[in-house]
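Kindly produce the complete structure, drawing on both the sequences and the hints.
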Amino acid sequence: MSQATTTRITRFDLVARQLDYWVTVYKRTWRGSVITSFVMPLLYVTAMGVLLGGFIEQGPEALEGAPTYLAFVAPGLVAAHAMQTATGEVTWPVMGMIKWSRTYFAMTATPLRPSDIVAAQLLFVTFRVASACGVFLLVLAIFGVFASVGGLLLAWLVQILIGLAFATVFFGFSAMLKHESGFSIVYRLIVIPQFLFSGAFFPISNLSPTLEWLARLTPLWHGVDLTRMLLLDRVDGSAALVHLAYLTTMAVLGWWFAASRLTKRLAL
Amino acid sequence: MTLQDTPAAMVRARGLRKLYGDFEAVRGIDVEVNRGESFGFLGPNGAGKSSTMRMIAAVSPPSGGELSILGMDPQTQGPEIRSRIGVCPQEDTLDNELNVRDNLVVYGRYFGIPRREVAERADELLDFVQLTDRSRAKVEDLSGGMKRRLTIARTLVNKPDLLLLDEPTTGLDPQARHLLWDRLFRLKHQGVTIVLTTHYMDEAEQLCDRLVVMDGGRIVAEGSPLDLIRTHSTREVAELRFGVGEHEALAAKVEDLAERVEVLPDRLLLYTSDGEEALAKVHERGLSPAAVLVRRSTLEDVFLRLTGRTLVD
Chain A
43 MSQATTTRIT RFDLVARQLD YWVTVYKRTW RGSVITSFVM PLLYVTAMGV LLGGFIEQGP
103 EALEGAPTYL AFVAPGLVAA HAMQTATGEV TWPVMGMIKW SRTYFAMTAT PLRPSDIVAA
163 QLLFVTFRVA SACGVFLLVL AIFGVFASVG GLLLAWLVQI LIGLAFATVF FGFSAMLKHE
223 SGFSIVYRLI VIPQFLFSGA FFPISNLSPT LEWLARLTPL WHGVDLTRML LLDRVDGSAA
283 LVHLAYLTTM AVLGWWFAAS RLTKRLAL
Chain B
24 MTLQDTPAAM VRARGLRKLY GDFEAVRGID VEVNRGESFG FLGPNGAGKS STMRMIAAVS
84 PPSGGELSIL GMDPQTQGPE IRSRIGVCPQ EDTLDNELNV RDNLVVYGRY FGIPRREVAE
144 RADELLDFVQ LTDRSRAKVE DLSGGMKRRL TIARTLVNKP DLLLLDEPTT GLDPQARHLL
204 WDRLFRLKHQ GVTIVLTTHY MDEAEQLCDR LVVMDGGRIV AEGSPLDLIR THSTREVAEL
264 RFGVGEHEAL AAKVEDLAER VEVLPDRLLL YTSDGEEALA KVHERGLSPA AVLVRRSTLE
324 DVFLRLTGRT LVD
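Protein sequences, first through last, are from chains A and B. The C-terminal position of the first sequence is numbered 310 in this note's numbering, with every residue numbered one higher than the one before it. The C-terminal position of the second sequence is numbered 336 in this note's numbering, with every residue numbered one higher than the one before it.
Fair warning: there could be bad hints in the mix.
[Stated by the list, open to error] Below are the DSS-like pairs computed for lysine-lysine, each with C-alpha atoms no more than 27 Å apart in a straight line: (1) A:Lys-141 with A:Lys-69; (2) A:Lys-141 with B:Lys-161; (3) B:Lys-304 with B:Lys-276; (4) A:Lys-220 with A:Lys-141; (5) B:Lys-161 with A:Lys-69; (6) A:Lys-141 with A:Lys-306.
[What the hints assert, rightly or not] Pulled a few chain B residues facing chain A out of the computed Cβ check, cut under 10 Å: (7) Ser-74; (8) Val-110; (9) Cys-111; (10) Pro-112; (11) Val-128; (12) Tyr-133; (13) Asp-279.
The set of hints was computed from the structure by calculation and includes no laboratory data. Think of the CB as a built atom: it goes at the ideal place given N, C-alpha and C, for glycine as much as any other residue.
Shown next as structure tokens:
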């Protein structure tokens, strides 16, 4: 009877229907985000890479093969930028759409399911990470910090993977969180320590053995090391595969986590 | 799928339950809403109305019992069901970052309506709820009544067969309420099935062909507004006001004059088929109330009888 004639709506369709929403959101915010994504890397590379790096006289043997400190620190800054851009997009914004604007509740009154909402928002985060890190890599190219164009392009794709690994997991966390104070714990205990100690600013072999071991477990270190290999053109095949597997697994499990947490949160 | 293919029951629930942890918000209700009908859920706060509405809206999974909406199972065909219903939530969920018209357009896109079509429909709907001159305004600059009208317009963007309205007029001024009622009447005449919750009895009498009264997660009465008054109240009510503190003692003297006498702090209510006659007998007994009022029984009398006068929260 009637049910047989009802066409099933596909996941692709439900995700695509959210394009106009995210385009509208981006139209409102792109000016600010373009400026910060160009100016911030320029400031970081100048201050940390060029000026601070000017004091560092160590050679390639102390800098994991990088000819200069600028060449060493730049890949770390890009990877950390990917993490921070992704995290920023799925912490307060996700809580806001649950608690303050209640936009998700408007969305689930339509054919969209929570998992479709997560998918579309993660695509938007991917776009934000891809454009922010794309600009960052272009700034680095201007400073001459890349060994090959192929490596530069692959490094750009790796930033998207880093972004997804963090975005999915933190999306799930934000979907569970009842109060925003939880975010300051996330930033103080997870995001900033990784930014400082996961090999972005100095080779982790300088840490004590225990801390070095701990640093090797962090997702950002895998992202930093992979990005650095690609930008310096010193790829270690097996290590690169481990990094890729780590980040991909995190993104896949994170996707499942985010979709299930938001589903639970919205199914009141 | 067209409306004609849909089974007569737009909503069909059997033993429907909803649990939140240990708390049972809906305790096994049977409901059937037919095509073209206006159906109301009445009840005090916490009666389980909104939980029931969210299950019917195919967003909140039932904890037990059977539920079918437009002949489909909400567990497996949520997107297909929601494509054909319009949901007006109790709290506005309009997007404050978007202007009035974009709220309709973006929302319409979630239903897969082509851009050109949704643009036309947005203009028609703004006209329908009298917001055309505010189409470029920010949502946060609208008054409460305007926001509610915009929410109703948004609810209609997919031309729903079934409209779910959770306390649609709470917080509105009388002008805005009457405008909304008028719009809902027109939709009903176009064949749209309406399910609404309210705790305004006049709204229920105005809008509902049939309604159920819920209390503590259960249905305690069901019928048309007139049926309910006939079954659960008398034709008329005589209200007598004496001095403060005298009502309790005087109740005994008029007890036999009505089917039921209710004592309130400020007045006595005599439920009777003929209010004037009862009043005449009150005067014959030498009692002289400071003020009297004889009126028809209303749905409010039924409601208070069934769900009590005690505050729920």
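Quick rundown of the hints versus the structure:
no., hint, result
1, A:Lys-141 with A:Lys-69, "holds, 23 Å"
2, A:Lys-141 with B:Lys-161, "holds, 20 Å"
3, B:Lys-304 with B:Lys-276, "holds, 11 Å"
4, A:Lys-220 with A:Lys-141, "holds, 9 Å"
5, B:Lys-161 with A:Lys-69, "holds, 16 Å"
6, A:Lys-141 with A:Lys-306, "holds, 14 Å"
7, Ser-74, "holds, 8 Å"
8, Val-110, "holds, 4 Å"
9, Cys-111, "holds, 9 Å"
10, Pro-112, "holds, 7 Å"
11, Val-128, "holds, 7 Å"
12, Tyr-133, "holds, 4 Å"
13, Asp-279, "violated, 51 Å"
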